[in-house]
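Order-wise, the sequence lines are chains A and B.
Using UniProt numbering, the letters of the first sequence correspond one by one to residues 1 to 296.
Using UniProt numbering, the letters of the second sequence correspond one by one to residues 1 to 205.
Hints are computed from structural coordinates only; laboratory data are not their basis.
Errors might be hidden in some of the hints.
Claimed, not checked - Pair by pair, the computed Cβ-Cβ distance ranges are: (1) A/Arg129 with B/Thr47: 24 to 34 Å; (2) B/Tyr37 with A/Arg129: 31 to 41 Å; (3) A/Thr283 with B/Ala39: 13 to 23 Å; (4) A/Arg96 with B/Tyr37: 46 to 56 Å; (5) A/Thr283 with B/Val52: 32 to 42 Å; (6) A/Lys216 with B/Asn30: 25 to 35 Å; (7) B/Lys141 with A/Ser46: 52 to 62 Å; (8) B/Lys6 with A/Thr283: 27 to 37 Å.
To be verified - Result set (SDA-like, lysine to any residue): computed pairs, CA atoms no more than 20 Å apart in a straight line: (9) A/Lys247 with B/Leu46; (10) A/Lys241 with B/Lys48; (11) A/Lys36 with A/Asp192; (12) B/Lys48 with A/Asn248; (13) B/Lys31 with A/Leu251; (14) A/Lys72 with B/Asp44.
Keep in mind the model is a prediction, meaning the values are calculated, not measured.
From the three backbone atoms N, C-alpha and C, an ideal C-beta is built for every residue, glycine too.
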Amino acid sequence: MNCVSDYAHSNEYNSFRSSVPLKTIIVDPDSSKGWKIYDSGPRSISTPLIFLPPVSGTADVYFKQLLSLGAKGYRVISAEHPVYWSVREWCEGFRRLIDYMGFYKVHIFGASLGGFLAQKFAEHVSSSRRVISLFLCNTFIDTSVFSYSESASLFWMLPSVVLKKMVMRNFNTSDVDSHIVDSIDFMVEKLDSLSQQDLASRLTINCVHSRVNPEKLSYVRMVTIMDVFDECALSTPVREKIYDCYKNAKLAHLKSGGNFPYLSRSDEVNLFLQIHLRTFEGTYLSASDNKDCSLS
Amino acid sequence: MASRRKLLLKIIILGDSGVGKTALMNQYVNKKFSNQYKATIGADFLTKEVMVDNRIVTLQIWDTAGQERFQSLGVAFYRGADGCILVFDTTSMNSFASLDAWRDEFLIQSSPKNTENFPFVVLGNKIDLENRAVSTKRAQKWCQTKNNIPYFETSAKEAVNVEQAFETIAKSAIALEKEEIYNDFPGDIILDRDNKPNNGAACNC
Ligand SMILES: Nc1nc2c(ncn2[C@@H]2O[C@H](COP(=O)(O)OP(=O)(O)OP(=O)(O)O)[C@@H](O)[C@H]2O)c(=O)[nH]1
Ligand SMILES: [Mg+2]
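Just need the whole structure built from these sequences, with the hints factored in.
See the structure below:
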């Protein structure tokens with residue numbers, strides 16, 4: 001693509017790319033597979049907040065969170081997985097990643113597929129209680145909400161163009177404000193940069209039938225569910241299902257923001273994130289080195 | 001408009017430390033009250049779904065720290081506020097005297113489109129206590145001079161007038177929202193003024 005989105009050539013994005021290096025961490029026997037990692041904020045913290053991107057996204061889609069929260073003393077990490085074809089494989093891979101990075105317990109932020117995987121991981125490690133808290137953004141608890149489960153077994157062989165079309169179908173560009181337009185432009189660029197294998201494997205995980213078992217997640221100390229009240233890919237019943245699942249969750253609604261509020265409404269999202277993390281400040285589970293807990 | 005969009009209203013509670021902001025929010029949302037005082041740090045929020053004018057509305061209620069004033073909260077905090085609840089303690093003259101400053105700061109920080117008609121309510125809290133320092137008359141007078149802000153005397157402890165106060169702010173916020181929608185489409189002829197609750201006389205209990 002020769003046209004670059006507004007976000008991609010913003011000062012903010014450039015300052016992110018020049019201050020936070022992209023690292024690749026290989027935790028699988030197949031050494032061509034690596035996690036892509038941006039790591040920001042104090043290294044002394046070993047209970048960080050880890051961001052998991054949506055289907056269409058790469059690790060840098062959270063640059064606004066990493067910049068702002070990193071500067072406020074939070075250790076914030078964005079982690080994009082290599083090609084994994086099943087939830088189980090993903091969970092094992094993620095566990096090896098945090099083991100490798102030296103984290104026993106983590107906070108996780110996940111959007112769409114990232115949010116689903118965050119919940120599946122919390123379930124996967126329920127006996128060792130490794131997930132301190134979950135911040136779920138525009139996400140779901142059951143892949144059957146997507147109509148593709150029948151054909152998911154064929155995704156691996158579909159051409160990129162077809163897969164990209166499947167994802168883009170959900171990007172609503174009519175009747176939205178300029179921030180949302182910018183966020184979509186940026187995400188389309190990210191989507192374009194993904195390989196056929198990346199995309200096919202993510203969509204497979206997204207659509208093969210699987211659901212979260214909320215009972216196994218009762219150990220998670222805090223859950224915030226964020227969603228937008230304007231148009232987005234998820235219908236109201238899907239959102240209500242997730243509220244039902246987490247009766248004690250904090251509901252962080254945004255009036256608007258589209259599918260990617262962490263880009264289009266980043267300062268509001270960052271405020272909600274701080275309120276979420278503040279619960280743990282001053283304890284051994286804190287994601288920040290702040291001694292006082294003000295929201296400055 | 002075939003499908004009515006779900007409505008989210010952002011309501012911010014302000015007032016001096018210790019006047020009962022957190023207690024009022026907890027009474028309204030969780031129907032709970034605690035005598036123990038734990039100062040709020042920064043800000044926090046709770047949500048509640050309510051029926052207003054036959055419509056399901058989600059209230060996002062923001063509780064703030066009386067100690068901190070505004071310095072520590074960013075602009076994101078005030079963005080898109082639909083209503084503001086100003087609280088004082090009826091047993092503390094100082095907390096009443098601060099109302100002006102809280103109101104001014106709110107208007108400066110949130111710079112709403114419509115400063116004149118922005119939905120406020122004033123709550124004189126802790127009326128269950130004996131040692132009253134601010135008279136009803138005095139509080140009402142202040143409210144009148146500020147464009148007739150509705151005034152309620154509340155007790156978070158005994159759940160007096162708490163529901164009514166929140167309902168009133170929700171109603172005026174919805175009314176303002178409607179007005180803004182009409183103003184965005186100047187071609188529209190019919191202004192449904194009848195639905196608009198009369199701000200000035202909403203309640204003087
Ligand atoms: N008797 C009585 N006590 C109340 C009432 N409302 C609050 N209190 C008490 O007043 C104290 C302060 O209440 P809070 O709700 O924590 O005050 P706040 O305005 O949130 O204070 P900050 O968080 O510091 O800004 C607590 O001990 C409450 O129990 C009330 O209606 N009646
Ligand atoms: Mg408080």
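To see whether the hints hold, each was checked on the structure:
1. A/Arg129 with B/Thr47: 24 to 34 Å: holds (27 Å)
2. B/Tyr37 with A/Arg129: 31 to 41 Å: holds (33 Å)
3. A/Thr283 with B/Ala39: 13 to 23 Å: holds (18 Å)
4. A/Arg96 with B/Tyr37: 46 to 56 Å: The hint (46 to 56 Å, Cβ to Cβ) holds, given that arginine 96 of chain A and tyrosine 37 of chain B are roughly 47 Å apart.
5. A/Thr283 with B/Val52: 32 to 42 Å: holds (39 Å)
6. A/Lys216 with B/Asn30: 25 to 35 Å: 27 Å Cβ-Cβ, so the 25 to 35 Å window holds.
7. B/Lys141 with A/Ser46: 52 to 62 Å: The hint (52 to 62 Å, Cβ to Cβ) holds, given that lysine 141 of chain B and serine 46 of chain A are roughly 58 Å apart.
8. B/Lys6 with A/Thr283: 27 to 37 Å: Holds, since lysine 6 of chain B and threonine 283 of chain A (Cβ atoms, about 36 Å apart) stay within the stated range.
9. A/Lys247 with B/Leu46: Roughly 13 Å separates the two Cα atoms, so the pair holds.
10. A/Lys241 with B/Lys48: holds (17 Å)
11. A/Lys36 with A/Asp192: holds (17 Å)
12. B/Lys48 with A/Asn248: holds (13 Å)
13. B/Lys31 with A/Leu251: holds (18 Å)
14. A/Lys72 with B/Asp44: holds (18 Å)
Checked against the numbered hints above, the structure breaks none of them.
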